[in-house]
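Enquirer: Chain by chain, the residues run as shown.
2 protein chains.
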Amino acid sequence: MPPEALFEESADDTRTAIMEATYRALTDYGYADLTIQRIADEFDKSKSLLYHHHDGKDDLLVDFLEFALDHFEDNVPFRDDTADERLRTLLDAVAATKPEADEEFVGILVELRAQAVNDDDFRDHFLGSDRFFHDHIVDIIAEGIEEGTFRDVDPEQTASFLLTLVSGAMVRNTTGNQVAVERTRAEIREYIDARLLAD
Amino acid sequence: MPPEALFEESADDTRTAIMEATYRALTDYGYADLTIQRIADEFDKSKSLLYHHHDGKDDLLVDFLEFALDHFEDNVPFRDDTADERLRTLLDAVAATKPEADEEFVGILVELRAQAVNDDDFRDHFLGSDRFFHDHIVDIIAEGIEEGTFRDVDPEQTASFLLTLVSGAMVRNTTGNQVAVERTRAEIREYIDARLLAD
Chain A
1 MPPEALFEES ADDTRTAIME ATYRALTDYG YADLTIQRIA DEFDKSKSLL
51 YHHHDGKDDL LVDFLEFALD HFEDNVPFRD DTADERLRTL LDAVAATKPE
101 ADEEFVGILV ELRAQAVNDD DFRDHFLGSD RFFHDHIVDI IAEGIEEGTF
151 RDVDPEQTAS FLLTLVSGAM VRNTTGNQVA VERTRAEIRE YIDARLLAD
Chain B
1 MPPEALFEES ADDTRTAIME ATYRALTDYG YADLTIQRIA DEFDKSKSLL
51 YHHHDGKDDL LVDFLEFALD HFEDNVPFRD DTADERLRTL LDAVAATKPE
101 ADEEFVGILV ELRAQAVNDD DFRDHFLGSD RFFHDHIVDI IAEGIEEGTF
151 RDVDPEQTAS FLLTLVSGAM VRNTTGNQVA VERTRAEIRE YIDARLLAD
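Protein chains in written order, with the UniProt record's numbering: chain A, 1 to 199; chain B, 1 to 199.
Honestly, the hints are just simulated from the structure, not real lab data. Note that the structure is predicted; figures quoted are calculated from it, not measured. All residues carry an ideal CB built from backbone N, CA and C; glycine is no exception. Please note: incorrect hints may appear among the correct ones.
[Stated by the list, open to error] Facing chain A, a subset of chain B residues (Cβ under 7 Å, in silico):
1) R113
2) A116
3) N118
4) F126
5) G128
6) A180
7) A198
Let the hints inform the model, and build the full structure from the sequences given.
Expert: Now the structure itself:
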């Protein structure tokens, strides 16, 4: 399943309809076997709209990633909670604690992220996406320090560490062992208790 | 650069020569643009040897991964050091602290791991590879607890957490931001000090 409400406006909006077709084709074929034709086959409107908007498969996929990131940026959860609650909610959301629902979408992200090894457009996207999540975690940690619930840690170092953990959990969740991800999650909680929470 | 001595026997041994050709073709083209023909172009011996040994690109790549894993299994470093030293050496080696030398090889691993999202042969390989590194870290932690340098933590949970961090560091090292990886590494050291080292 795609993230909640990701394609909410699909009935009216051409870009959203293209993105939804891209999502379906990605889940059916994966990156390696994906073609523009296979995306077009999932698209109900005029195919020329799809070709008109994009220069090729990779251009369309980078646009798909930007579309999904915009959605996350607009839907940052629970701004009213405490820093500790917000941090745990964010880590749960990004690391996909509901594997049945999120594994498909996270699998797409893992596959597309691997394209960034050799492709600068994909790399630029993931640099921007990492920056967004990093800055968001930094804000939460700085807030927690200010409100006295977190210790006086280095927010940049802690955020980098947590985002690296999340990247690893996404990979292992979709290409490895669920038990390892459950154990990782348990240790993340102990890490937050031991290193972040104030006495 | 490939890991040290990975293709040491390449002058005599056909399989090693095929693996070295595969490595070169992967670094030149990446997974998506790799073909058996491009691997054959890097191969100095008779092409029929290459086709004879493998059923196709993915079969050859899974064999390449097994070949590299065998190499790591045979070259586990510094068995005589303390548990703490062995753990830090292993984490450094796997997370590629020498980016200039290791980024190329780690990039290949990140790309091939993403194939495991949709391909069971790749997934089986990485399950086995995760199991090897997991068990190795568990052994080191259990040894550290026994020799009294580590606290009485859960070795399975700690090993899962560290291996997830390493997976994330490999991804970020090759598709993201080096500064983030440096910060992650600094926090891994503080994590080991805070959660693992006995008082």
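Enquirer: Should the hint that G128/B touches chain A count as held when the rule is a Cβ pair under 7 Å?
Expert: This hint is violated: G128/B lies away from chain A, its Cβ roughly 10 Å from the closest one there, beyond 7 Å.
Enquirer: Can we keep the R113/B interface hint, with Cβ of chain A closer than 7 Å?
Expert: holds, 5 Å
Enquirer: Would you check whether A180/B satisfies its interface hint, that is, whether its CB is within less than 7 Å of any CB in chain A?
Expert: holds, 4 Å
Enquirer: Less than 7 Å between beta-carbons is the criterion; does A116/B satisfy it with respect to chain A?
Expert: Because about 4 Å separates A116/B from the closest Cβ in chain A, which is inside the 7 Å limit, the hint holds.
Enquirer: Hint check: is the beta carbon of N118/B less than 7 Å from a beta carbon of chain A?
Expert: Where the cut-off is 7 Å and the nearest Cβ of chain A is about 4 Å from N118/B, the hint holds.
Enquirer: Classify the hint on F126/B as holds or violated, based on whether any CB of chain A lies nearer than 7 Å to its CB.
Expert: holds, 6 Å
Enquirer: Is the hint on A198/B kept, meaning its closest Cβ partner in chain A is under 7 Å away?
Expert: violated, 14 Å
When held up to the earlier numbered hints, the structure conflicts with 5, 7 and fits the remainder.
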